[in-house]
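Enquirer: Between the sequences and the hints, there should be enough to build the whole structure, so can you do that?
Protein chains in written order, with this note's numbering: chain Y, 160 to 340; chain B, 19 to 762; chain H, 69 to 188.
Quick caveat, the hints were computed from the structure, so don't treat them as lab data.
Where is the CB? At the ideal position from N, CA and C, for every residue including glycine.
Every clue listed holds true.
Straight-line C-alpha distance at most 20 Å; calculated SDA-like pairs for lysine to any residue:
(1) B:Lys-722 / Y:Ile-321
(2) Y:Lys-256 / B:Ser-715
(3) H:Lys-142 / B:Met-240
(4) H:Lys-137 / B:Pro-238
(5) H:Lys-142 / B:Glu-193
(6) H:Lys-142 / B:His-237
(7) H:Lys-157 / H:Met-126
(8) H:Lys-157 / B:Asn-59
(9) B:Lys-428 / B:Glu-463
(10) H:Lys-184 / B:Glu-259
(11) H:Lys-163 / B:Cys-197
(12) H:Lys-90 / H:Leu-187
(13) H:Lys-113 / B:Glu-201
(14) B:Lys-102 / B:Ala-55
Now the in silico label distances, taken between C-beta atoms and shown as ranges:
(15) H:Thr-71 / B:Arg-370: 24 to 32 Å
(16) H:Gly-139 / B:Arg-370: 34 to 42 Å
(17) Y:Gln-316 / B:Gly-685: 44 to 52 Å
(18) B:Gly-384 / H:Glu-140: 36 to 44 Å
(19) B:Glu-228 / H:Gly-188: 27 to 35 Å
(20) H:Val-125 / B:His-237: 30 to 38 Å
(21) B:Asn-649 / Y:Gly-205: 48 to 56 Å
(22) B:Gln-721 / H:Thr-71: 58 to 66 Å
(23) H:Gly-139 / B:Glu-235: 18 to 26 Å
(24) B:Leu-544 / Y:Gly-205: 52 to 60 Å
(25) B:Gln-721 / H:Glu-97: 47 to 55 Å
(26) B:Glu-644 / Y:Gln-316: 50 to 58 Å
(27) B:Val-387 / Y:Glu-180: 45 to 53 Å
(28) B:Asp-114 / H:Gly-139: 47 to 55 Å
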Amino acid sequence: MTSAAQKANNDVVPGSNSDDEQQYLTFIMAGEEYGVDILAVQEIRGWEATTVVPNAPDYIKGVINLRGTIVPIMDLRSRFNLERVEYSPVTVVIILKVETERGERVMGIVVDAVSDVHSISDSDTRNSPELIEDLNTEFIRSLVSVDDNMIILLDVQRLLTIDKKILNIADELTADNESND
Amino acid sequence: MSIDLSQFHQVFFEESFEGLDIMESSLLALDLTEVDAETINSIFRAAHSIKGGAGTFGFMQVSGFTHVVETLLDEIRSGDRDIKQEHVDLFLICVDCLRGLLSDLQAHTEPDMAQADELKAKFEAILAGTEAETENSAETNAVGSASDTPDQTETAGQSADSDVKGWKIEFIPCEDVLCTGNEPYRMFRELQDLAEAESGGSMKVVPHLEKLPEFSEMHPEMCYLSWTIFVYADIELSDIEEIFEWVVDDCDIRYERLTDAGQASDQISDQISDQASDVVVANNEIQVEDKPTEINAELAEIEAEKEVVAETPAAAITSATETEQTAEVESEKIPTKAAKSPTKAAENTSIRVSIDKIDGLINMVGELVITQSMLGQLGQEFDMDRVQRLQEGLGQLEQNTRELQESVMKIRMLPISFAFSRFPRLVRDLSKQLDKEVDLVMIGENTELDKTVMEKIGDPLVHLVRNSLDHGLENAEERTANGKSSNGTITLNAYHHGGNIVIEVKDDGAGLNKERIRNKAIEKGLVSEDETLSDAQVYDLIFQAGFSTADVVSDVSGRGVGMDVVRRNIAELNGSIEVTSKTGEGSTFSIRLPLTLAILDGQLVKVGEEVYIFPLVSIVESIQLEKSMLNNITGNQFVMQLRDDYIPILCLQDVFNTGAEKKDLEGAMLVVVEGDNEKVGIVVDELLGQQQVVIKSLEQNYQKVDSISGATILGDGTVALIVDVSGLNNKPLEKNSDDQTQAA
Amino acid sequence: MATILAVDDSASMRQMVTFTLKGAGYDVEEACDGSEALGIAKTKKFDLVLSDVNMPVMDGIQFVTELRKLGEYKFVPVLMLTTESAGDKKMAGKKAGATGWIVKPFNPEQLLNTIKKVLG
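Expert: So, in structure tokens, the structure goes:
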């Protein structure tokens, strides 16, 4: 595999190679490979200290100054209820942007490492099985197989929505889990 | 080629709205006992411009409506009619109506002409009152012009003869025709184009040099020539007349029909008999019926003929009006085309800036560039003994930047007169409605403030003025009974103070009724019966939600949703409002607003590892706590006595849930802040410096955070959050219960 | 190409006139009242002057009167833009020395036709 991070940071031609193909940037988290629409990726940065925002959800580490704009940084492991890790020099922050009714919104997500850029066509993707009743399914658009690896494609819009409703579900699930244990 | 006129619409709307404002303020300023001609003129011009523009850009309904308004104004300005109060009232209603029509058109919706038509009828009725007069004057004008210029064109009746083979035109220009910029050759050229446009048409021009004087006596600027022009083409006389339209009064022009091809009737017969014979030809039927062929009758015909003559210029105009009518039909289609969802009338997103401000800005930038290049050069060949120069350069840079910043902020600033301008009308209408005599005084209209702030302060100001008028001011009887002048006064005063603008709304009415307010507050459960409140605290109660002491909910105010909204709106602008009052003498509402929304003077504080910023305007004082100053109220809630007040103590780390250890209040740093007229003492770890910070939005990419009003970027590039002081004030009560559970 | 001075206190009218005339290749300068126009005329010679009648500071009639006093403008065509269909206003313009008039409202084509006829 080519140096994915380099490739992603350099001039990646946006858009598709064929009609239903889209390009995705993939990254690794807790051994799994996830992908986001490359058009939503604004840039990739290393981790830097954030300013804490009071009374924010756990997965919001804080905000940073991105060339004059205040951008919140989300810890994706935390968002997915995965085990936390220490940040290291190779910890990567992917800055994503989405269009909302209020305008453009920019947010960074902390991931373990960036993986690659893939061209994936819609027809190859499969829906995530309904059986898994988990918070995470909210963010999952579909699954796809590339070179025998499963990549979980994420819905960036949902991901960047700090929804109180989702917070409540998280609370419920955590409570459930705890009582089950 | 066809030009899309819609590109000019926005400018037309903007200038029309401005014109309407001028009309309104001029009408209000009119002293009917001593009418100022210039004021009337400016009102007329405003209406005239709107009518002209509306016509030009296809808004025929507006044009038609404004026409009657303008007509009445024209009568007034030319002295044909005296202006009366009812006219002024009617004109003011028209201004409102036009505002509505233009707003509709601007939003691409069909304007509702109902009110306009009603007003139009009223105007027409007024104008009809002297219709006889104007008709007479029109007639006398027509007759007058006919007799003044005996060399008027003669018409041969337009549709009488379809056998026209051409025309013979005698064109004798006045000597100074050239001095009006008219050029006979130009007219001949036009005539030739007209003739040759007909198949087989042609033209012949014969000059007459008889009048040409000796060379030595010739004035080169004078026209001594005359011409006979033969037009061999079947063209309408009206088309020819149009070509000579501009010079017809200065020149002698006679037309003769050519009945046979090439044959010209060379008679230059006596004008009157010519006219009479033409009248006979034209008015065949009428003539046979009624009139005997007597001189008297002929003279009567000639009189009629003179009117026909006077109407000829009208013929030229009919072609113009015809185009107008077709334009009307076309343009009426435009409003109904708005199939798309009607957009709200676009908020004015442009700003007028004086050239001086721009020039100042250009100068600043120039200086900045110089400083930058100086520093750049320094940086290239730097060594330690140049440190001093570096520091000087940096100092220069700081000054340049500061001046530039001030200059740029000033660009967004406009005089508050824009916000005040609506009040004369408002006060006038309201005082009529409430049957009170009110004078409005406006001071400091030139005081400048940020455009956006000004737009948002408009509604709160209106509410305050309405409130003062409705509840504050007594009616004339009551006032005189109390030894006051029968006219109440509302004063709007704006001035700069510190880094803020202060706007006062003052009335000399009855003042706030402490008892009533207090009782109402008790009724609403805001205050307990036995609670003692200072006057200031009582007055402040009116800003609570749902508060209204008005006995009757009037249309004007008193619905009880006002004052709290006013305060909230002002708080959103990072401002504050308070009220002072004296029973029997009146009340004063003072609004304090920052001069700009983007920049804040801040006090940096440290809480744990994080830096927070307090707006400097909100800080009352900072003190180091000693436990002895504190009183324990319930469990963990502390208050401190600060002169007359007991203020609650809050630990910022608790508000922000930093998870830090409980703070020992002995020796702690306390910042006393005030928001919404409530004081709170905030415990922080350390006071850092003060600096001006640029306010950045936290909401844009994140969301609204309680007690945080925004963020900023510090000199080291890190983000610091700005504390929302009024948001904090709501905290103490909540925090109480939390603290107790935590402590447990 | 010919130069034209357009005088009108209405910005939208000025814009429309300027756009129309420039589009046809003329050089156009604007003034918002007679006084400003007079100032410009004194520094530069135009081939044609278009002027509104009702303007603040100095109206069209006064402007033409003053303009004609300038030697260079004795024979320059001056057209009044008037909404007055009443004859007396047109006469006032003529008396002041105007060449002729264009009746408002007019559309760009009418304006260009008249200008072309006058300037040739």
